[in-house]
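Quick mapping for you: the protein sequence lines, in order, are chains Y and R.
So that you can map any letter, position 128 of the first sequence is 430 in my numbering, and since no number is skipped, the others follow by simple counting.
So that you can map any letter, position 120 of the second sequence is 422 in my numbering, and since no number is skipped, the others follow by simple counting.
Derived from the structure by calculation, the hints contain no laboratory data.
Keep in mind the model is a prediction, meaning the values are calculated, not measured.
Worth double-checking, as some hints may not be accurate.
Where chains are identical, the list cannot tell them apart; a pair therefore holds if satisfied intra-copy or between any two copies.
[Unchecked claim] Straight-line C-alpha distance at most 25 Å; calculated DMTMM-like pairs for lysine to aspartate or glutamate: (1) K438 with E403; (2) K373 with E461; (3) K439 with D465; (4) K339 with D465; (5) K356 with E346; (6) K382 with E342; (7) K339 with E437.
Residue strings, one per chain:
2 protein chains.
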Amino acid sequence: MVPPELEEGLPPRKDEGLPPLEELLGMAIKAEIGARKFYESLAERIDIQELREKIEWLAGEEKKHEELLRKIYANMFPGKEVVFPKEHIGPELQPVTRKLEGIQDVIDLIRWAMKAEEIAAQFYAKLEEMVDTEEKKRLMRYLSDMEWGHYYNLKAEYELLLDWEMYGQMMHVGPP
Amino acid sequence: MVPPELEEGLPPRKDEGLPPLEELLGMAIKAEIGARKFYESLAERIDIQELREKIEWLAGEEKKHEELLRKIYANMFPGKEVVFPKEHIGPELQPVTRKLEGIQDVIDLIRWAMKAEEIAAQFYAKLEEMVDTEEKKRLMRYLSDMEWGHYYNLKAEYELLLDWEMYGQMMHVGPP
């Protein structure tokens, strides 16, 4: 089931090839902001200390990525405001505003976050091919690798959450 | 060049097949302790705040893994002391006791840490095949995924460190 935090929205245009780099960077910044707000709001709704700290850590990471991308943007398009296209990278994460009813709600959201991280990692790998200098390619590899790092971190938690009783035993937590 | 922090030591026995699970868990616990001490000592010698914080984070993660593995061990072999075999998983990381002379020293150590994380991830995937219950398999997948997470996190930093000037610009740091 697609939770309400997933906004399908417009996928990137296909018929005209990829949008210009300026717009792609705008999409990347938008995605980082969306991911941060999603993780921040999710962390507030999670009682499991271990998992909450991990989600807060992810929120902080996405904040750093946003700042890094804004620097790259300012460097490539000096004096220009960041343009946020309507299109976005994969499913767009929205802030969690509802009360999570149980562990299954948490599991579903983690799974979608994994999907978003995976798509972001692939998107940065695509951008790596598009940018022109070794320096910019390096930065895109950095971002792609970081998102893969997030993906595997979430995947690890997801794996344990599927067996909630064990998660509690291993992580010293009470019932959800 | 192999830095002094890499102890080649004995690889796991090949001729007799894999050691029993008890010893493999002992090796895993030993590897987590070694990795933690390595990261702790490395963090103390790194002036770059951004990177130091990441290395400290890794040290904390390995500590948690050690605790998790000790619980698994206690659960599987109640009342038994952990046996630490002479063999270890891949290259064994030793604490960094020398002064690091420049960014190249840091880069070399990060590269070896990546190698150790990769081998650890593969090792836990191997253990997943060996353990008998779905619960234990899940825990091994958890550990394997976490180590992949570390690997990609380190790979990201490694990528930027290779272009030290850019790293400084992006991370607001001074010369090494």
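Evaluated hints:
For the identical chains of this complex, K438 and E403 are neighbours neither inside a copy (43 Å) nor across copies (28 Å), given an alpha-carbon limit of 25 Å. Taking identical chains as interchangeable, the C-alpha atoms of K373 and E461 lie at most 25 Å apart only when they sit on different chains, with a minimum of 18 Å there against 36 Å within one chain. Within a single copy, K439 and D465 get their C-alpha atoms only as close as 40 Å, which misses the 25 Å cut-off; across copies the closest is 11 Å, which meets it. In the homo-oligomer, the alpha carbons of K339 and D465 never lie at most 25 Å apart, since the shortest distance is 27 Å inside one protomer and 31 Å across protomers.
Both within a single protomer and between protomers do K356 and E346 lie at most 25 Å apart by alpha-carbon distance, with minima of 12 Å and 24 Å respectively. Proximity of K382 to E342 under the C-alpha cut-off of 25 Å is found in neither arrangement, the shortest distances being 29 Å within a copy and 43 Å between copies. Proximity of K339 to E437 under the C-alpha cut-off of 25 Å is found in neither arrangement, the shortest distances being 29 Å within a copy and 33 Å between copies.
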